[in-house]
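Participant: With the sequences and hints as input, model every part of the structure.
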Amino acid sequence: MGSILQLKRDNRPVEISDQSVKVTYNEYKNTFNGSRLLIEGKSVSEILQQLIIFLREIVKFSSLGLLLKEKYSDDYYLYYDYKIDRNASARLRWLEKSGYIKWACKEERVVIIPDEDGETEDQSMALVPLLSGKNIIGVLIIFLQLRTNELTSHKSDLLFLVGTQAASALQNAFLYKDMALKNQAMANMKNFLENSLESMADGLFALDMENKISLINTFASKYFGISSVEAIGSEIHKIFSPEFVRFLDKSLQKTYMIGNFEGQFNYVNPIDGKNFPLGIHLSILKNTEKERIGVIGICRDLTEREELFHLRKLDQLKDEFISSISHELRTPLTSIKSFTEILLEYDTPDKKTQKEFLSIIEKETNRLIDLVNDLLDLSRMSHSEFSVKKENVIIENVFQEAFHSVKVLAEKKNIIIDTDFDPVNMMVVGDTNRLIQVFVNLIGNGIKFSPEKSVIKVWSKPFSGKRLVDKSDFLQIAVEDSGEGIPKEYFKVVFEKFKQVSSDAATKPEGSGLGLPICKRIIERLGGNIWVESEISKGSIFFFTLPLVNARIERQENAESAKK
Amino acid sequence: MANLHKLVSQIQSLPTLPQIVQQVITMVEDPGVSSSNLAKTISIDVSLVSKILKVVNSAYYGLPRKISTLTQATVILGFNSIKNIVMTASVFSAFNKNGKNERFDRKKLWEHSIGCAVASKVLSKRIRLGVPEEAFVAGLVHDIGKIVLDQFLHTKFEQVLDVIDEKKVSFREAENEVLGLNHCHIGEWLCDKWNFPKQIQEAVAFHHSPGRAEKNLKMVAIVHLANAISRLEGMGDGGGKKGAEIDVKCWEMLSISEEELSELIVEIQEEYEKSSVFLEMLN
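Chains as they are written, first to last, in numbering that gives the first Met the number 0: chain C, 0 to 563; chain F, 0 to 282.
Everything labelled a hint here was simulated from the structure, so no lab data went into it.
Honestly, I wouldn't trust all of these hints.
[As the list claims (entries may be wrong)] In silico DSS-like pairs for lysine-lysine, Cα to Cα no more than 30 Å straight-line:
{"hint": "1", "chain 1": "C", "residue 1": "K101", "chain 2": "F", "residue 2": "K53"}
{"hint": "2", "chain 1": "C", "residue 1": "K105", "chain 2": "F", "residue 2": "K273"}
{"hint": "3", "chain 1": "F", "residue 1": "K273", "chain 2": "C", "residue 2": "K28"}
{"hint": "4", "chain 1": "F", "residue 1": "K53", "chain 2": "F", "residue 2": "K5"}
{"hint": "5", "chain 1": "F", "residue 1": "K214", "chain 2": "C", "residue 2": "K133"}
{"hint": "6", "chain 1": "F", "residue 1": "K197", "chain 2": "C", "residue 2": "K133"}
{"hint": "7", "chain 1": "C", "residue 1": "K105", "chain 2": "F", "residue 2": "K217"}
{"hint": "8", "chain 1": "C", "residue 1": "K59", "chain 2": "F", "residue 2": "K273"}
{"hint": "9", "chain 1": "F", "residue 1": "K39", "chain 2": "F", "residue 2": "K65"}
{"hint": "10", "chain 1": "F", "residue 1": "K39", "chain 2": "F", "residue 2": "K53"}
{"hint": "11", "chain 1": "F", "residue 1": "K124", "chain 2": "F", "residue 2": "K155"}
{"hint": "12", "chain 1": "F", "residue 1": "K166", "chain 2": "C", "residue 2": "K105"}
{"hint": "13", "chain 1": "C", "residue 1": "K133", "chain 2": "F", "residue 2": "K217"}
{"hint": "14", "chain 1": "F", "residue 1": "K107", "chain 2": "C", "residue 2": "K101"}
{"hint": "15", "chain 1": "C", "residue 1": "K96", "chain 2": "F", "residue 2": "K107"}
{"hint": "16", "chain 1": "F", "residue 1": "K53", "chain 2": "F", "residue 2": "K124"}
{"hint": "17", "chain 1": "C", "residue 1": "K285", "chain 2": "C", "residue 2": "K273"}
{"hint": "18", "chain 1": "C", "residue 1": "K133", "chain 2": "F", "residue 2": "K273"}
Facilitator: See below:
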């Protein structure tokens, strides 16, 4: 020891030897560089690798153990070991029991534990506390290959320095690992959500507080006919039609007021121009602090639902039809059956009574025949094969033929049928037989619902519609009665199958209820129109229009000359 | 300082430290010195070895296992702890245990000094300043000037005690009145004589006036606060009749909050209770 430590006589220490200064300088330089590498290590294994290289520069050692402190207790567990054999393992166990680990951590400095029997064998261990900030995160156990005379305080200082650097580096790596795990979990969650959004059969979109689209899935962009790239970040009024924006604005107001909204819009897809019913459901979107951050919308093409709805309605109509037709069929049948039974059972010689009964049976049979004919007619008219002849007919002639059929009925009730046909415009396009059917139906109805000794007027004049072209293109024919009238809400209904205004069976006049629907089919097929105007207790006027022949010819000529 | 030279020139035989202390101080600073070198040097002084082993195995260090050899002690406790023990033992042996004056209890002053030493060490460890062992020694010798006065300039010391009794002033005020200087100056001078590290000298010199220190400010602040803690916690007695004065700036410099302080005081008390082994060395 003499060469290093020489004391002068005046008790002042000598300078520290140049050699020693050089060694120290180099060691600190290495430490500085090594600690930089340590800190740069990203993963725990990288840091441990660097640490071992680094420690080799400072001390000779055979093996190494890294003990980490348990989070919620003062105990330590072996986290990593380097070349720990059976011997080292036994010494490690001894060390754990000895109490030195906790002691070294309490002292917060490097503690060298010499071999049990003391002096200079290469069996000593260095306990390096891993101090990160104020906290001990663990302790490094280094199995030294040094003789005690090779242990200097300076080496301890270097080890301590390495320990603090390694602690910071490890702490960072643990945090990094933790963060990476959390990030992965978040990425998985995000992925899951995105997949869920995309695999939804509904369209989904979100609007922020400035009414900009912040999210849109494939279905929504398909419905809207807008690519998601185009949509995201755009304000709604820049990408949607003004009508749809108005609809959205109103819907958003409602959503903000009551929390959600459900509605339907007839959307026109800008790509293919097709329009379809778009169902939209909006609800408020809130963040974790429960603050409103926008609106989330779900949209769906309602075409199929609408069709289904329509089909259901048809089904319902059919049911109603069957139920009313059964009723209509049964009434005359019941009466035929009853009178037939009476005639069979009671052998009544009274011819007069017999005749009376038989005439009732005949009347009811006729009613059934009429009904079945009407039904057949109507059914035929529902199919596309129903055709009408389009020939030139003189409307008054048609009326005269029809008049023969209803004359008897009118005479029974002393009803006078008064006519006033426009003498100039007589020739219309039509089907004589079908038009007779229309007149018979309309006049028949008039007779049925009019009081006795009243007048039914039948007149015609050129039609003056709202549009100029209609004027004089058509002839308007009216059948005017003075019956009890039809309430306004029934003006359309009466043209539907089996609708008679009075649902009271007692006041309900005889009839299939199919007459007006048949008239409607015929007139519409001929290119005309049929409607009713009425005032309660004053009477009803049934109007229908038919194309005038002259006008038609003129129009055709005009069209042909235009072609040329 | 003229007053100081005049005063210390009256001291006939200066208190000296054993040569071994100087050797240990130098060796610890030398990066090339190993544990066995250090142990070999110390082992020449047999009584010092037994003192060291006694302290090392005391409650103060609280080692989990008994240490039987000096080499083991130097290896396990490290050089600085050994240096601390050597310096403490040597300082104690440089002075008599008891003073000559019944009005001044020297043992109480040593108790106060050990309290200050323990507090200095805890504070130094807390703020991670340098070597806590060095702070311990600085705290231990901060009032050494008073003992020099008592032991070597006793007439003057009597006068100082008279002033304290009459005017109920602090030790320092009385010293200034009688001597034109105080124990801080004397302590600093002695530490210089003993070749103690600079930061110990400065801590001794400015422990009552930390604002005037220019170097080693944190060490000065530590000893200043440790002195106050030792007095406020009733560890021994420094001899003055006035309470401790604390320079608040020292707290700010060490950035210790109030909550931390209460934790630290508990730790200081625990350490102090375990430190009786040092007082035993006085015998």
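Participant: Mind checking the alpha carbons of F:K53 and F:K124 for me, to see if they're no more than 30 Å apart?
Facilitator: 23 Å, holds
Participant: Need the status of pair F:K273, C:K28: alpha-carbon distance at most 30 Å?
Facilitator: Between F:K273 and C:K28 the Cα gap is close to 40 Å, so the pair fails against 30 Å, i.e. violated.
Participant: Does C:K133 lie within 30 Å of F:K197 when you go C-alpha to C-alpha?
Facilitator: 28 Å, holds
Participant: Does the alpha-carbon distance linking F:K124 and F:K155 stay inside the 30 Å limit?
Facilitator: 38 Å, violated
Participant: Tell me if the straight-line CA distance from F:K166 to C:K105 falls inside 30 Å.
Facilitator: Violated, at roughly 46 Å.
Participant: With the threshold set at 30 Å, check whether the alpha-carbon distance from C:K59 to F:K273 stays at or below it.
Facilitator: 37 Å, violated
Participant: Is the hinted pair F:K39 and F:K53 satisfied, with a Cα-Cα distance of at most 30 Å?
Facilitator: Holds, at about 18 Å.
Participant: CA of C:K101 to CA of F:K53, is that 30 Å or under?
Facilitator: Holds, at about 22 Å.
Participant: Checking one constraint from the list: CA of C:K105 to CA of F:K273, max 30 Å. Satisfied?
Facilitator: This hinted pair holds, its Cα atoms lying about 15 Å apart.
Participant: With a cut-off of 30 Å on the C-alpha distance, tell me whether C:K96 and F:K107 pass.
Facilitator: Distance of about 40 Å is beyond 30 Å: violated.
Participant: Between the alpha carbons of C:K133 and F:K273, is the straight-line distance 30 Å or under?
Facilitator: 24 Å, holds
Participant: Is the Cα-Cα distance between F:K39 and F:K65 30 Å or less?
Facilitator: Satisfied, since the Cα-Cα distance of roughly 20 Å is no more than 30 Å.
Comparing the model with each earlier hint shows violations of hints 3, 4, 8, 11, 12, 14, 15, 17; every other hint is respected.
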